[in-house]
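Go by the hints and put chain B onto chain A.
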Amino acid sequence: GENVEQHPSTLSVQEGDSAVIKCTYSDSASNYFPWYKQELGKGPQLIIDIRSNVGEKKDQRIAVTLNKTAKHFSLHITETQPEDSAVYFCAASRGSGYALNFGKGTSLLVTP
Amino acid sequence: ETGVTQSPTHLIKTRGQQVTLRCSSQSGHNTVSWYQQALGQGPQFIFQYYREEENGRGNFPPRFSGLQFPNYSSELNVNALELDDSALYLCASSSGGVGDEQFFGPGTRLTVL
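Line by line, the protein sequences give chains A and B. Our numbering puts the first residue of the first sequence at 1, with every later residue one more than the last. Our numbering puts the first residue of the second sequence at 113, with every later residue one more than the last.
What the hints contain is simulated information worked out from the structure, not anything from laboratory work. None of these values were measured; they are calculated from a predicted model. Where hints are given, some of them may not hold.
Between beta-carbon pairs, the in silico distance windows are [what the hints assert, rightly or not]:
#1 V54/A to F172/B: 28 to 38 Å
#2 A150/B to D59/A: 27 to 37 Å
#3 T121/B to V20/A: 31 to 41 Å
#4 R163/B to P112/A: 44 to 54 Å
#5 Q14/A to R175/B: 39 to 49 Å
#6 L46/A to L179/B: 17 to 27 Å
Positions of the beta carbon are idealized from the N, C-alpha and C atoms, including for glycine.
In isolation and in its complexed conformation, chain A is listed as follows (with noise of 0.2 Å):
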């Protein structure tokens, strides 16, 4: 089945620089790539996604890259805010129908 790995598993910045968190799958057939933020004692918010024929998708502050070939994606985030500080996960599907598979998530801290 897909294993995602995710990296780093925690993640400390200063407010207004950048966080980049890093994803590899293992699933060739995966062509959904969605991004969550958890914060304490919520669900998960999907706050942006990828999906396998496009290369690159940015949201105002957040975006994501996607390499197909290289079987990894990661998530940008520049001028962090405090507000950003929650746990974030990635994860990979075959798109529609199909389960999403989560790496264990990355908690971000945004020092004021």
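Frame of chain A; chain B shown alone:
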């Protein structure tokens, strides 16, 4: 807010008991997936229901079972609870064949003593 609701929010059971968790999907969504999230881990896929039929299952034993109703709400049932079943149980709804996005509810925190 995603519009996905779950009940109850917290639950405490003892080993060997049975539990039923409930999920109401987002309006217009016909697919519900259930995940188990142990402390400090990513969610693990339990199973998915599409139009009242099981549509895929992860590596969980048969004592984990589910139902989906005509209004697309869903239940997760766990029999013969074990200590390791203590976790956050998440349901996610999606529009099935239309898109891939899965939207999660707030979860039910199950503690097994």
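Taking the hints in turn, this is what the structure says about them:
1. V54/A to F172/B: 28 to 38 Å: Distance hint for V54/A, F172/B holds at roughly 33 Å.
2. A150/B to D59/A: 27 to 37 Å: holds, 30 Å
3. T121/B to V20/A: 31 to 41 Å: holds, 34 Å
4. R163/B to P112/A: 44 to 54 Å: holds, 49 Å
5. Q14/A to R175/B: 39 to 49 Å: Given about 48 Å between the Cβ atoms, the range holds.
6. L46/A to L179/B: 17 to 27 Å: holds, 25 Å
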